[in-house]
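Q: As a plain string of letters, each chain reads:
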Amino acid sequence: MSDLRIGVYVCHCGRNIAEKVRIDEVVKFAKTLPNVAIVRDYKYMCSDPGQELIVKDIKEEGINRVVVAACSPTLHEHTFRNVCRRAGLNPFLFQMANIRELDAWVTENIRDATEKAKAFIRAAVNRVALHEELEVGRAKINPNVLIIGGGIAGISAALVLADAGVKVYLVEKEPTIGGNMAKFDKTFPTLDCAACILTPKMTAVKAHPNIELLTYSEVESVEGYVGNFRVRIKKKPRYVIEDLCIGCYQCIEDCLFAKPLFPSEFDEGIGSRKPIYIPFPQAVPLVPVIDPDTCMWLKAKKCPQYCRESCEPDAIDFSMEEEFIDIEVGAIIVATGYKPFDAGRIPQYGFGKYENVYTSLQIERMLNSTGPTGGEVLLANGEKPKSVAIIHCVGSRDENYNRYCSKVCCMYSIKLAQLIKERTGAEVYNFYIDIRAAGKAYEEFYKRALSEGIYFIRGKVAEVTDIAKSEEEEGKLIVVAEDTLLGKVRRIPVDMVVLSVGLEPQADADKIGNMLKLSCSADGWFLEKHPKLAPVSTASEGIFIAGCCQGPKDIPETVAQAEAAAGEALSLIQRGEIELEPNVAFIREERCSGCRICIGVCPYGAISFDEEKGVAVVNPALCRGCGTCVAACPSKAAQQHLFRDEQIYAEIEGVLL
Amino acid sequence: MSADNSADFEPKIVGIFCNWCAYMAANLAGTARMLYPPNLRVIRVMCSGRIDPQFVFYAFKNGADGVLLAGCHHGDCHYIEGNVKCLRRYKLMKKILPQFGIEPERLRLEWISASEADKLRKVVGEFVEELKKLGPLGFRGVELGVVEAEKQVRI
Chain A
936 MSDLRIGVYV CHCGRNIAEK VRIDEVVKFA KTLPNVAIVR DYKYMCSDPG
986 QELIVKDIKE EGINRVVVAA CSPTLHEHTF RNVCRRAGLN PFLFQMANIR
1036 ELDAWVTENI RDATEKAKAF IRAAVNRVAL HEELEVGRAK INPNVLIIGG
1086 GIAGISAALV LADAGVKVYL VEKEPTIGGN MAKFDKTFPT LDCAACILTP
1136 KMTAVKAHPN IELLTYSEVE SVEGYVGNFR VRIKKKPRYV IEDLCIGCYQ
1186 CIEDCLFAKP LFPSEFDEGI GSRKPIYIPF PQAVPLVPVI DPDTCMWLKA
1236 KKCPQYCRES CEPDAIDFSM EEEFIDIEVG AIIVATGYKP FDAGRIPQYG
1286 FGKYENVYTS LQIERMLNST GPTGGEVLLA NGEKPKSVAI IHCVGSRDEN
1336 YNRYCSKVCC MYSIKLAQLI KERTGAEVYN FYIDIRAAGK AYEEFYKRAL
1386 SEGIYFIRGK VAEVTDIAKS EEEEGKLIVV AEDTLLGKVR RIPVDMVVLS
1436 VGLEPQADAD KIGNMLKLSC SADGWFLEKH PKLAPVSTAS EGIFIAGCCQ
1486 GPKDIPETVA QAEAAAGEAL SLIQRGEIEL EPNVAFIREE RCSGCRICIG
1536 VCPYGAISFD EEKGVAVVNP ALCRGCGTCV AACPSKAAQQ HLFRDEQIYA
1586 EIEGVLL
Chain B
89 MSADNSADFE PKIVGIFCNW CAYMAANLAG TARMLYPPNL RVIRVMCSGR
139 IDPQFVFYAF KNGADGVLLA GCHHGDCHYI EGNVKCLRRY KLMKKILPQF
189 GIEPERLRLE WISASEADKL RKVVGEFVEE LKKLGPLGFR GVELGVVEAE
239 KQVRI
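Chains A and B, in that order, are what the protein sequence lines are.
Heads up, the first sequence is in the working numbering, so the first residue is 936 and it goes up one at a time.
Heads up, the second sequence is in the working numbering, so the first residue is 89 and it goes up one at a time.
Note that these hints are calculated values from the structure, not bench results.
The beta carbon of each residue, even a glycine, is placed where N, CA and C say it ideally should be.
Certain hints may be false.
[What the hints assert, rightly or not] Here are the simulated lysine-lysine pairs, DSS-like style, with alpha carbons at most 30 Å apart: (1) A:1108 x A:1236; (2) A:978 x A:1169; (3) B:220 x B:207; (4) B:179 x A:1571; (5) A:1488 x B:183; (6) A:1170 x A:1102; (7) A:1342 x A:1375; (8) B:183 x B:207; (9) A:1446 x B:183; (10) B:210 x A:1446; (11) A:1141 x A:1170; (12) A:1356 x A:1423; (13) A:1467 x A:978; (14) B:207 x A:1464; (15) B:183 x A:1571; (16) A:1356 x A:1342; (17) A:1446 x B:179; (18) A:1467 x B:210; (19) B:207 x A:1274; (20) B:210 x A:1571.
[As the list claims (entries may be wrong)] Derived coverage of chain B by chain A (criterion: at least 3 residues anywhere in the stretch with Cβ under 8 Å from a Cβ of chain A; other residues may be distant): (21) 107-119; (22) 146-153.
Given the sequences, and given the hints that come with them, work out the whole structure.
A: Take a look at the structure:
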């Protein structure tokens, strides 16, 4: 062991570490530790000059083990391993001591933080002495990419990848792609028509030779790891054969139900559809779907099947069943979006109680020229409203529901205000807490609404009621709020109330998260690897997130993130092969008694039994490095590289100063 | 093992955290600048399923007053169900510890997701208070036959 020469490098991280940890004291302490040859400190170890210090010591001072005491290994372990590699030292003869996230940033006083830093450094020095040279494993990367979710995020990512020549599987659970954006009429702040900018992209997806579009489908299971995911997709029966259907609408016209009787999901319940329907005229694919809960044949076998008779290409197939498709991909982009807040959860706003209280998405559908009212904003009695109140922050910035800001509601409320005023001439009142118009040309958009005579009342609405207190209020909905600028309670009688609902994680976000091993934030949004520097990567390598599944955001941000995720996925699969962390298990044959306990606990079937030798054998290609077999082995024959028992014992001794 | 000097007694806690959930929560506590008592010393393993009961005994033998094991919530394990295996071993350890004269309360297992920095902060705070009540374990240097023998085998 005498030839060990450990170099310890203590990072100040600017003032981040140095203001809590007495660097000179730590340096002095590190010099007393066994086998330590050199101790240096520097402002920023991760910077070029910092890295050069280590390279120089390895090359000129014969340093053969490196400890960097700095930030979390999740941030810079990779950086410093590469520094070792560059200097000709095996990158695994390195250990990081996390004295920033685990120490300087969470410890109140300097004395405690300094002692804690010493403990972590001693543990790292102890441990690195027992490190050995390791080779990285390599695995081929499957060049295909799976995208979950066919909203604007999934569509944007799919097109970028497909244009680069990548085979993309785009899975959408609804019968059509387009997501929430397809429901909108116009988009802020430019008032572009949503359909005009979205539908060409939807068509491009359908037409692209590199994109395999799987609508009305859900991801059932995901196995494997970065570069080699095996995915099972469940295709729900739509009872119409996509390849045969020509989208002529004949089946829908001839349906047993002469009139659409059932609330349309796509129209947020304010329009109706038949049991066989196409969600909206620009749907992709333009293929009807039959709802088994309302179709008389599927429900009760009581229907002459007019749809089937009228279908010329014979595309209707009532015998269709759930189908499972197995694919293999190298990377996955999760773009599962959001769900609008359920306005019924706030009873005092009267949604579901008063017929003229609508959600913002219902108004979007009314404004849309292909929507149920053909682009008119109408009251339940078919008349145009003369006054409309828009209530901001419904379900957002509210201790009782969601504490976060949904980010898009201010802007879309201002947009709806302009559109409603333009189409109906109504007086529009916005009730807001703060106006958040941060974004390119957003403030100008708000100013324009102000100049157009739209009213803004600062105050959170207490209730919406139909109990009139004056003649003027008779037959109206009265919006009650404290105007915090005037300092008094106001009652504004209006014909229509619009609830600007916030954004919430999808109901099945948990399920997707579990399947892909993605963590969620406390609010349920998928967690990125680093909030600033890795905003589309996740803790699960090879899985990227884009759009609102990561948190509320508007369309430009969503598209930017989707294209970033596509770029990351492309960068990954272009490498052709990946380096695997060498933290796999191995068996010390001379100790193995052949009890086979390890075989039973391995979740990946990576361990087999060599009958001839009577010992267990680990297949490093299948081992994912959890170490469960190591903890289970009664004779300490199973071990894990980088986490050998000895190394962990050394670390335990080290932290217990 | 007396509680007499609990006023100035600062327990030493060894934390063995899984890489994906608990360690990430500890990182998050850092980036969110959440202050918690300095008593916790974290060791990172890839999965809570890697935690060999010997690690726990070894920590107690080497002067730990408490050991905090932390992994992913059920269903969140990066390696399918390593956390369940950890739970099984934990229950076993809870039974064995009194046989060494160690109060089972000195060992704690928590499920802490990557976003639950606040939970980590609370757990550490609580655990420190609890250990202060129990007082120092004072096992350092005491020969624990089983652990010592194990160390021999290991070397």
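Q: Take the hints in turn and mark each one as holding or not.
A: Hint by hint, here is what the structure shows:
no.: 1; hint: A:1108 x A:1236; in the structure: holds (26 Å)
no.: 2; hint: A:978 x A:1169; in the structure: violated (54 Å)
no.: 3; hint: B:220 x B:207; in the structure: holds (20 Å)
no.: 4; hint: B:179 x A:1571; in the structure: holds (21 Å)
no.: 5; hint: A:1488 x B:183; in the structure: violated (51 Å)
no.: 6; hint: A:1170 x A:1102; in the structure: holds (19 Å)
no.: 7; hint: A:1342 x A:1375; in the structure: holds (14 Å)
no.: 8; hint: B:183 x B:207; in the structure: holds (26 Å)
no.: 9; hint: A:1446 x B:183; in the structure: violated (35 Å)
no.: 10; hint: B:210 x A:1446; in the structure: holds (28 Å)
no.: 11; hint: A:1141 x A:1170; in the structure: holds (17 Å)
no.: 12; hint: A:1356 x A:1423; in the structure: holds (27 Å)
no.: 13; hint: A:1467 x A:978; in the structure: holds (22 Å)
no.: 14; hint: B:207 x A:1464; in the structure: holds (20 Å)
no.: 15; hint: B:183 x A:1571; in the structure: holds (22 Å)
no.: 16; hint: A:1356 x A:1342; in the structure: holds (23 Å)
no.: 17; hint: A:1446 x B:179; in the structure: holds (29 Å)
no.: 18; hint: A:1467 x B:210; in the structure: holds (26 Å)
no.: 19; hint: B:207 x A:1274; in the structure: holds (27 Å)
no.: 20; hint: B:210 x A:1571; in the structure: violated (35 Å)
no.: 21; hint: 107-119; in the structure: holds (count 9)
no.: 22; hint: 146-153; in the structure: holds (count 5)
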